[in-house]
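> In case you want the letters, here they are:
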Amino acid sequence: MDNLEEILSSLPKNKISWQTDKKIKIKLYALILKKKIGGLFVYKNNAIGISLSYKAAGIALSIILLFGATSIYAYANNDILPGSQLYPLKKAIEKIEEKIAITPAAKISAYEKFSNRRLQEAVNLSEQKNKATENIKKNIEAEVENNEAVTSSINKLDEKKAEKAVYKIKKQDQDELRSLEIIEARASAKNDQEVLEKVKEAKENIKNREYKQNKEEKKNKENYKDAKDQEQQLMESGSVDEVDKDKKSKKEDKENKRKK
Amino acid sequence: MGKNEESFLSYYNQFKDKIYNYFLYRVGFDKSLAEDLSSEVFIKAFKSFESFDKSKKFQSWIYVIAHNHLVNHYKISNRIVPFDAAENLLPSQENGGEIRYEVARVLKIISLMEETDREILRLRFVDDLNNQEIAEVLDKEEGSVRTQLSRSLSKLRKILDDKQEK
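Top to bottom, those sequences are chains A and B. Taking our numbering as reference, the numbering of the first sequence is continuous, increasing by one, and the terminal residue is 1581. Taking our numbering as reference, the numbering of the second sequence is continuous, increasing by one, and the terminal residue is 245.
Bound-form chain A, shown alone (with noise of 0.2 Å):
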């Protein structure tokens, strides 16, 4: 048989039925979205953390019972941006898990993950062809406002979790510099002066992040250096007298104090 490759080729190949392709892709979104709805709740110490990332899972089952499939792919995808169909519904979920972050743990975990989405919207949209100023400032707007929501958050935390919690946040706050880089680049090269003015305010944003602890730290470290300052100042007019007694009244003050 001469033709035999060419017939063995011709062997019928079927296709998988849309509806096994439906369930197959509704699996996948769902172990998706376990995974992100898994990290929704960082503390995990924090045992209502964990209560609410029951009923956070809860909620979004509800959702996507409502919606199928769409909601877990709206939800979990970057590539769905502002005027696509699908962003009120991912915005909608979003709205539902901000609702039920209650704790200040929960928040942190919330608005970062947004925050972060928002800005990978924006470097999605900076890479396509046309100019999408207006969405790239306003997701560039939303990360600003879901950060110093993040910090206000922070600022409410005990001191130990704070300073887990920034030094979590210090290091997203390098990548977020780096997606503000990469946005920063393209719309320069489309010499689009408008976002380029709100990724320098974005960035400034981000370096200026102040917490709690930094500003307590802050605050310390200007009270000595006005201290040094001014006994910097005080040799400097040679009354070296007058800075011991200086200093030797602050002793005497700090002492009637411990006495009283």
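Simulated from the structure, these hints should not be mistaken for lab results. Note that beta-carbon positions come from the ideal geometry of N, C-alpha and C, so glycine has one too. There may be inaccurate statements among the hints.
[What the hints assert, rightly or not] 30 Å max Cα-Cα, derived DSSO-like pairs, lysine-lysine:
# : chain 1 : residue 1 : chain 2 : residue 2
1 : B       : LYS135    : A       : LYS1355
2 : A       : LYS1344   : B       : LYS133
3 : B       : LYS237    : A       : LYS1343
4 : A       : LYS1489   : B       : LYS126
5 : A       : LYS1346   : B       : LYS154
6 : A       : LYS1482   : A       : LYS1452
[To be verified] Beta-carbon label-pair distances, calculated as ranges:
#  : chain 1 : residue 1 : chain 2 : residue 2 : range
7  : A       : TYR1408   : B       : GLU194    : 47 to 57 Å
8  : A       : GLU1515   : B       : ILE122    : 44 to 54 Å
9  : A       : ILE1347   : B       : ASP109    : 56 to 66 Å
10 : B       : SER139    : A       : ASN1476   : 48 to 58 Å
11 : A       : GLU1502   : B       : ASP218    : 37 to 47 Å
12 : A       : LYS1343   : B       : LYS123    : 16 to 26 Å
13 : B       : ASP218    : A       : ALA1351   : 50 to 60 Å
14 : A       : ALA1510   : B       : ASP207    : 33 to 43 Å
Assemble chain B onto chain A, guided by the hints.
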């Protein structure tokens, strides 16, 4: 969605039909079983996708998972699978009577061959894998796959010619 998830979904879209066909030809053309097995394989692959070495071909990786999954399925179900039950998948008489006849004849002969011959012919002509990819799936040397394939084709050709002479 992270890059990992995104690239997995894109791989899924690319290989869903190929994996489905892989099972279809190995479970006696039981469509529902082939779909179940395909689903299980993709879920399994997704769960271990982090361990997938991105410098390697996804196709070889997913076929190895499918191959192992099928071996487990055989172990559990302990079934012997016919290879010539593809009649219902062949083009109808109106669309290609001659092809249908030839393909049905070839399928029948293949079903009488040894499993090693059947498997290599399936991998080459149903799954469209090249020798190197077959070698990766079967964990063999490429040279040995080439020899085996040529041997299986010769066997098949000989049986077909003998039958025609009779």
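> So which of the earlier hints does this model not fit?
Hint check: 3, 6, 9, 13 fail, others pass.
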